[in-house]
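First residue of the sequence shown? That's 1 in the UniProt record's numbering, and the numbers climb one at a time after it.
If you are wondering where the hints come from, they were derived from the structure by calculation, not from laboratory data.
Since the structure is predicted, the reported quantities are computational estimates derived from the model, not experimental observations.
All C-beta atoms, glycine included, are put in the ideal place defined by N, C-alpha and C.
Careful: at least some of the hints might be erroneous.
Claimed, not checked - Keeping only pairs whose Cα atoms sit at most 20 Å apart, straight-line, the calculated SDA-like set for lysine to any residue is:
| id | residue 1 | residue 2 |
| --- | --- | --- |
| 1 | 915 | 902 |
| 2 | 929 | 958 |
| 3 | 317 | 539 |
| 4 | 59 | 533 |
| 5 | 850 | 1029 |
| 6 | 124 | 169 |
| 7 | 687 | 733 |
| 8 | 52 | 82 |
| 9 | 192 | 156 |
| 10 | 26 | 598 |
| 11 | 171 | 730 |
| 12 | 320 | 396 |
| 13 | 109 | 1050 |
| 14 | 340 | 396 |
Said to hold, decoys possible - Ranges between beta-carbon positions, derived for each pair:
| id | residue 1 | residue 2 | range |
| --- | --- | --- | --- |
| 15 | 336 | 526 | 30 to 38 Å |
| 16 | 458 | 1050 | 45 to 53 Å |
| 17 | 685 | 857 | 14 to 22 Å |
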Amino acid sequence: MNFCLAAETYSQETFFTIESNNLTVKEVFNKIEKESEYIFFYLDNSVDLNRKVSVKARKEQVSKILDQIFEGTDTHYYISDRQIIISKDEKAAPVSLQQKGQTITGIVKDATGEPVIGANIVEKGTTNGTITDMNGQFTLTVNPKAVLQISYIGFNTLDMPVGNKSSLTIKLTEDTKALDEVVVVGYGVMRKSDLTGSVGSVKSDVIQKQVISSFDQGLQGKVAGVQVMATSGSPGGVVDIRIRGGNSLTSGNQPLYVIDGYPVTAGGSAGGSGAGQNPLATLNPGDIESMEILKDASATSIYGSRGANGVILITTKRGKQGKTTVTYDGYVGFQHVAKKLDMMNATEWAEMVNEGAETDGRPIYYSNTSSDPLYPAMSQLGEGTDWQDQIFRTAPIHSHNVSVNGGSENTKFAVVASYFGQEGVVKNQDFNRVSLRNNIDTKISKVVDLSTSLTISRVFANTGRENGDGGGNTSIINASLVMPPTVPIYDPTTGEYVRLNYLPGSSTVPNPVPYVKHLQDKGTIDRILASADLTFHIIDGLTLKVSGGADMSNASREVYEPKETYRGYNANGIAEQQSRRSSSYSNENVLTYIKKIGQHSLNVMVGSSLLYEENKTGSMTARDFISDVYGYNNLDAGAQWDKPNTGRSKSTLLSGFGRINYVLMDKYLFTVTGRADGSSKFGANNKWAFFPSFAAAWRINQEKFMKNIDWISNLKIRGSWGVTGNQNIPAYSSPEKMNTYTYPIGGVTSVGIGAGNMPNPDLKWETTAITDIGIDLGVFNNRINFTADYYYKKTTDLLWNISVPLTTGFGTVLKNIGSLQNKGLELSLSADVLTGPFKWNTMLNWSTNKNKVLEIPGYIPTQQGTISGHLKVNGSWLEPGLPVGVWNLLKTNGVMRTEKEWQDAARVADSNFDKIGDMSFVDKNGDGKISFGEDRQIVGDPNPDFIFGWTNNFSYKNFDLSVYINGSVGNDIYNVLRAETNIVSAWGNQRAEVKDRWTVNNPNGKYPRAHVLVNQNLLQSDYLIEDGSFLRIQNVTLGYTFPKVSFLRSLRIYATAQNLLTITGYSGYNPEVNSQGQSNLQLGVDYNAYPTARSFILGVNIGF
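Build out the structure end to end from the sequences listed, making use of the hints.
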């Protein structure tokens, strides 16, 4: 008897009970195949299928059963994972049928060079064939002009002409679609074919081809229903991720992130705009093996009160049994601003300002005789200062990852050390990350396994004042656009910086150059993420997993604004120290029972979870320094101190959860999930809530009536309903908090303590009910796969601050009130278009989401805040029946070009200033007057009609090419900057396009006439709204893998272009923008947003 076990895991965990004295060998094979995933391979002459045998096996492995039925015969078997190969030859020499002509020998290997055992080798168009032996070798006699067809489960079928060759080395590539892929779900894994929920996947090769500082940026355009918006293009900047729309008006809408089973928080950096603005950027994208995005309630309800916004499960790379391997993956490159805005030069600006002065009856500012350095003579202006050139640069970027992977049967390890460095395209800004990850899997005994994960990382960065510097709420980006080109960098009379320019329009703009040369703004985040899992294999199919973990981060921000800057000059130097320390600790205990009995498969999971979180913050500010030499290192040197600010918060979440997966006959699938959460964040009357879900699926292709439709490989319809929650609110939102107050007594300021808010013991989480209906279709052996999902989400008990009577002593109280909905359609298509020597794989996803506020009882529709700048503009408009985030502004009616148009136009209330050449507006109520409160209307919606992503992978021989495209259609952008740079006003430098403005000599000009004083053209209107639709070639990577290098395991070189081309009608830097952060009420706003960079890199991957 010759027995070979190539992969032990499945055979060691699969047991059978067969007790019979009168079974044929064929009946034993059928019973084993029916109760397991084993498949038998044999030729008819290699085994007597009709021979009667006696089998006595109770919970025995398959090898024990085969030993019984083949004892005393010349039949041998080999087990390779889930394949069992039967042969009569003790050396497993291949058996062939109908062989004649030319004799071919060969070996079949997989992508790693390992032999493929039991691969089918067939002379195409005949029944002449054989299988490979335990060494992957075969011998077959074929016709001289034959084509061999090589196939094996889980690999792409390969056709190879024989020609005049007598020996072949054949390499099979893995067919990921043919494999019954295992995907990660909440608290476990599951066969993809058994899923009843909506789950999207992104693999490591997709992530690593991109030039990104954080893994969440890598999701852009990769999964249907996932919208990724950059709040900033700065190094390490924050991105806003929405899975099937936003569910909350005031709470967070970010998904829950779970890394190797441990939930982590997106958190926050010290000060909000310091280094590592995105705390998720502390994690190295190169560590990631895969990401699963859970979208519907069937998948997310297992996370209960944290699952309403979707869940992103991240699995990091782990060790593999075998020889220790070392891999280096690194790249170097450069970046530049993808798009500069075309602004007026000095001469063009001066001419416009003089026109505006004449329009408004003011003396001109620029003459041929002026000697004022801020208003030079016209003849001396020329091009003037290009302020964008003063702040932008071509910046380097580089990344280095060294991984060590290997292990024995009992212990496996994966260690990754990495460094990522990126300088900003704005001077004086950078982002750096150093990280070390160590994953170890150990088999302590036959029944106990231990898995540990440890990540240590440090982010250190220099960040400019992207969001404002105190000088008229102007950022570096804004100042570089608004600062007049007539103004020099240095005052010609003193040689010092021109610190501030008083524009003719009475606005102020600070000089941006001192900020990119002298500002010190350093941030650091140190993070440790550690977890350990003990898995006990109690009995067959029953396991207990006990997990513990900690996530600890320490963020600091140190700022010094020297006297060269605007604020530093006025305050004689300003220093700030800010800190944030966050920690969370969790324990989870999960009991899982998996059993297959005949046509019934059961997977039952129950568990408990305890999560404790704590945050500490602090800040100090000093000013008035004798010298700038101290910087932020010695706040004691400041003569004036602001009051220190400290804070601390704690919260606890206690949970019990469970899930039942039942599969009948491999075609009827059912999932029931429930979770009970108790949170300290909510009111005494609502600490606990239960979140259930139900799902079912039908694998239609498994039905008998589908057996003859062989071109359909997979057809599954599924549906789910469930409830999830959102607890993304600050701790202590429910109870009464005490604040300190100051008040005068006898001319002396005293400090007292009083109530800081109105308590609400009934406060509870927002609840989202989700219904999902989907279909999965695979055709032509899963060469083409299609998925569609329709979903409807309704969120109730919205958290909202409602007004209360002043007699309570407070203005508002946070309550659960109101509801909103999201509904949409998601489509995904993947196909192996070409599978020959030239291969082409394509993946396309498309999705749409429509949201609407349903009700907010007692609420009077109003605007939501203001967006501050030189000109304060209204935020979004919130009203039941409308989408979230819409803008309610005046609607323009074109430029008044004739006397008649001016006479017929409605007059702006309380203004006699408008004349021919100014804008007119739509008189919505028809009263002949333009009043902002009465005549405004909905003029823009930031929510896209649909978003899409398109991935194409090509390969030919050793070359590979990948192209990623993403886009958005129908989303509007509130381009607030147009209120300053496109309004034909002296409030700031203007875009060059406004040279086409109305004048007596250009009555058909596109833009209104010039002004220097307040005028009706400054009214907030749809003039600020632009179509933000775009199509972007996000990433192009071309690689070459060297066929064989004697002293290396592998070698690949590649070149990548990131953000290569954007097709859009939007006039700003970037149409994929959300500069007001992650608020659901201020989507699609572009004001001083940091521009995105275009990157070009060269990289190498070396395996030792």
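Status of each hint after checking the structure:
1. A hinted pair counts as satisfied when its Cα atoms are at most 20 Å apart, and residue 915 with residue 902 qualifies at roughly 7 Å.
2. With a CA separation close to 71 Å, the supplied pair residue 929 and residue 958 exceeds the 20 Å bound.
3. For the hint linking residue 317 to residue 539, the alpha-carbon distance of about 29 Å lies beyond 20 Å, and the restraint is violated.
4. Under the criterion of a C-alpha separation no larger than 20 Å, the hint pairing residue 59 with residue 533 is inconsistent with the structure, at around 28 Å.
5. Pair hint residue 850 plus residue 1029 holds up; C-alpha atoms about 16 Å apart against a cutoff of 20 Å.
6. In summary, the hint linking residue 124 to residue 169 is supported, as the alpha carbons are separated by about 18 Å, within the 20 Å threshold.
7. This hinted pair checks out: residue 687 and residue 733 have alpha carbons roughly 13 Å apart, not beyond 20 Å.
8. Using a Cα cut-off of 20 Å, the hinted pair residue 52 and residue 82 is violated, with the two alpha carbons roughly 25 Å apart.
9. For the given pair, residue 192 sits about 19 Å from residue 156 by alpha-carbon distance, which is consistent with the 20 Å threshold.
10. Among the hinted pairs, residue 26 with residue 598 is consistent with the structure: their alpha-carbon atoms are about 17 Å apart, no more than 20 Å.
11. For a cut-off of 20 Å, the pair hint linking residue 171 to residue 730 is broken: about 56 Å separates their Cα positions.
12. At roughly 35 Å between alpha-carbon atoms, residue 320 and residue 396 are farther apart than 20 Å, so this suggested pair is violated.
13. With a C-alpha separation of about 16 Å, the suggested pairing of residue 109 with residue 1050 holds against the 20 Å cut-off.
14. Distance restraint check for residue 340 and residue 396: the Cα-Cα separation of roughly 19 Å lies within the 20 Å cut-off, and the hinted pair is therefore satisfied.
15. Between residue 336 and residue 526 the Cβ separation comes to about 31 Å, which falls inside the hinted range of 30 to 38 Å.
16. Roughly 30 Å separates the CB atoms of residue 458 and residue 1050, a value that falls outside the hinted 45 to 53 Å.
17. At about 20 Å, the beta-carbon gap between residue 685 and residue 857 stays in the expected band of 14 to 22 Å.
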